[in-house]
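Trainee: Residue-level listing of the chains:
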Amino acid sequence: MRADPVDTPGLLDNPFHVLELSPGCTPMEIERAGNKLLAMLGVNMEAAATYRGPLGPRPRDADLVRRSMDALRDPDRRVVAEFWAAVPLGEADEDVDPMFAPWPEALEALGWVRPEGR
Amino acid sequence: MNPVPLIFAVMALVRLGVWAVRLVSGEDAPTQGTRRAASPPDSVYNAWIAALIVLSALVVLLTAGLGVLVVIPVWVLAVEPWWWARLVAVPRGWTRVAYASGRLSSWVWRHDRRGGAAFASALASVRGDEDGDAWIEAPPDAVSVTAGMVTGAALLAGRRGDVAGATALLRMSTWFDARPEPERAVVAEWLAADAARRGAWEEVVALTEDRTDGSVGLAFLHAVAARILETEDAPDLLELERRWHALQQGPLASLQPDHPVRRSAVALADRARAALHRVHRTPARPPDDPMQAALLAHRRALMSTSALGEALRCWEVVEDRLPPRVREQVVAELSVRAAACRPPPPAIGHLGFEVRDRLVQRGLEDLALQARALQERTKAKHGLDPMAEVREAASIAEQVHALVGPLDATERDPATEILVRSIFRTVYSPVTDWAADLYNRRRQPYLFRALTWWLLELARAAGDGEATALYLRNLGVSRGWSHGTDRRVDEA
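Chains as they are written, first to last, in the working numbering: chain U, 1 to 118; chain A, 1 to 492.
With the rest of the complex left out, here is chain U (with noise of 0.2 Å):
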C-alpha cells in the first residue's frame, strides 16, 4: 500500500530533536546549531549521522537539517514542532516496549539483500 510520505514532520523527524535544540531556543541557536551540524556532516564526523528522536537513534543527513531549520524559521511551523517536542526521548519512558519492534534488517542479515558497505 502506498502512504504520502510524510513533508510536515510530526514525531518523527521533529526538528528540535532532529537540531537537538530545546522548544525555548533562541533564532540565533537554531542558526548556530544547524550550521555546526551541517559543517559536521560536511566532514563525514560520525556523531553527526545520527540524533537521538522519541523512536530512538536515526539517521539524520544535510537535507534533513535544512528542512528543520527552515521549519524552525517559520513561526507557524514552529508552533506545531513544540508541540510534538513534548513527548519524551525514547529511553525516558518505562512504557515503551521494544520486544515487538521490526527488524529493518531482516534479508540483509539472511543474505537474501547485499547489506551495504559489504
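It is possible that part of the hints are untrue.
Some but not every residue of chain A turned toward chain U, in silico, with C-beta under 7 Å [said to hold, decoys possible]:
1) ALA196
2) ILE228
3) PRO251
4) ALA253
5) PRO257
Taking CB as the label site, the calculated pair distances span [claimed, not checked]:
6) U:ASP74 <-> A:ASP233: 52 to 58 Å
7) U:PRO75 <-> A:ASP233: 34 to 40 Å
8) A:ARG96 <-> U:ARG73: 29 to 35 Å
9) U:ARG66 <-> A:GLU328: 18 to 24 Å
10) A:LEU58 <-> U:PRO104: 38 to 44 Å
Simulated from the structure, these hints should not be mistaken for lab results.
Just so you know, even glycine gets a beta-carbon here, dropped at the ideal spot from N, CA and C.
Could you slot chain A onto chain U? The hints should help.
Mentor: What follows is chain A alone, placed relative to chain U:
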C-alpha cells in the same frame, strides 16, 4: 564374484526404468493443450547418463575394480544433479554449473527443469555474491513461465535492491502448482523475513511453523518470533542459542562484527533471550493529561503496528483540541505506519477512519486503473513478454494482499469483508479475461493456473458462488494434462 558389473547393471536398469515410466505416464515434459512440447533436456540428460556409464566402466576396468569407490558417489550425484548445485555450485557462487545442474535435475525439478536451472543459478548468484545476470533466460514466448523461473527472477530482483518487486513475485510464485521443496523453503524464508521487517511477528510464526528444518534463516526467525510472542512451541534457551549459532556460521559469517546488519541481528537475538526472562509488568498508569497520553501512544504506534489501535483511541479523546496542522500530521504519520499492516488496521474513531480511508482509497484507485489498463491490453491482444506478464500478475495480487491481507483468512472485520467484494468486482472481469488469453493464445498454462487459483480464493472470500464454480471448472479442464497440484480443489 565381482559385484561391480552387477552394480552397474542395477543402476542402468533403474535409470531406464524411470525413463520408461515417465514416457508412459506422459508426465515428463510440460504439455500445452493437446500438443506435447519438445523435450531437449531429456535427450541431453540421457546422453549425459550414457556418457557416465561408459566413463565409469573405463575407470573401473583400468583401476581393477578399485575405481568403484569413486564411481559410486559420482553416480549418486549424477543421477540427481540438483545435489551438485545445492552442495557445491550454489555455496561457491558457480552460476553456470548451478544452471546446468538444475537443467539436468531429474528428480527434484523433474516437472520444471528450466525453472530449476533459473532458480539454481539465481541462488548461486545471490549466495556467491556475484553481479550481473546469472544465466536466467528471459523465457521466450514459446516457453511456459513456471514457479522456478519466477522465484529465480525474484531473487535476482532482490539482489539488485528491488525488495518490493521481489516480494511481490515470490508471493505470486506461491500460487503456482507443483513447487519443489527447495523453492518452497526459499520463498517461505523471504516472506518470513519480509514479515519480520514489518514487525508482523504473528505472520513470521505462521510462515515458519513447520519449516524450521528448511534453512538456518527459517529456524532462527521462528525461534525469535515464537519467543517474542511466547507461543506454546517457543524454543528454550539452548535451542535458541543453537539456532543463533547456526545463523552466525551461515548468512552472517561474511559480515564484519561491527557491521550494522550483524549488530541488528545480535540485538534481535538479545531481545529473544530477554523474552525468556520477561516480567509481565502491570501497564504503567497512563498520564492524567489525555493529550500527553495521546502523544505517548502515538510514539508507541510508530514503534509497533500492534499499538496503532491504542493510539487511535487516545487521539479520538483529544481530537477536538488538535490544531488542523497537527491533526494532519497525526493522520499522515499513522498512515505511514499503517501501510505496513496487512490488512489495514480497523477504523477507530474519525482519525482511524481517515487513516484507513487514505490507504484504502488510494489502493482501490490504483487497482482500478491497473485493471482498466489490463482490460484494454487484453482486448487489443497486446501481450508482454512472459516474465513481464508475471510481474503484472504479481503487482495486482500484491495490491490486493496489502488491502485485505491473506485471502484464506478465516476472520475479517466487516469493513474488510466489504472491501474484498469491492475488489473482486473491480478485478473479476479484466483478470479472468486476461487469464483465459494467457492460456488460449499466449500458451502460458502455469501462469493461467496460478492466476485462476488466486481468482478462486478471491471469489471464495467475496462469497461469489458462480465465479467460484467457473474457476473450479477452469482448473479442472486444464488439470487433465498438467502435472499434479497440492491444492484442495473441492467445492467451496
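Trainee: Given A:PRO257 was flagged as interface, is its beta-carbon under 7 Å from a beta-carbon of chain U?
Mentor: violated, 13 Å
Trainee: CB of A:ARG96 to CB of U:ARG73, is that within 29 to 35 Å?
Mentor: violated, 59 Å
Trainee: For the pair U:ASP74 and A:ASP233, does the Cβ-Cβ distance stay inside 52 to 58 Å?
Mentor: holds, 55 Å
Trainee: Is 38 to 44 Å right for how far apart the beta carbons of A:LEU58 and U:PRO104 are?
Mentor: violated, 57 Å
Trainee: Has the hinted range 34 to 40 Å been met by the Cβ atoms of U:PRO75 and A:ASP233?
Mentor: violated, 57 Å
Trainee: For the range 18 to 24 Å, tell me whether the beta carbons of U:ARG66 and A:GLU328 fit it or not.
Mentor: holds, 22 Å
Trainee: Checking hints one by one. Is A:ALA253 an interface residue toward chain U, by the C-beta closer than 7 Å rule?
Mentor: violated, 9 Å
Trainee: Does A:PRO251 hold up as a contact with chain U if the rule is Cβ-Cβ below 7 Å?
Mentor: holds, 4 Å
Trainee: Hint validation: A:ALA196 versus chain U, beta carbon distance must be below 7 Å. Holds or violated?
Mentor: Interface hint status for A:ALA196: holds (4 Å vs cutoff 7 Å).
Trainee: May I ask you to test the interface hint for A:ILE228 with respect to chain U, counting a Cβ-Cβ separation under 7 Å as satisfied?
Mentor: At about 6 Å, which falls below the 7 Å cut-off, the nearest Cβ of chain U leaves the hint on A:ILE228 intact, so it holds.
Hint compliance for this structure: hints 4, 5, 7, 8, 10 are not met, and every other hint is.
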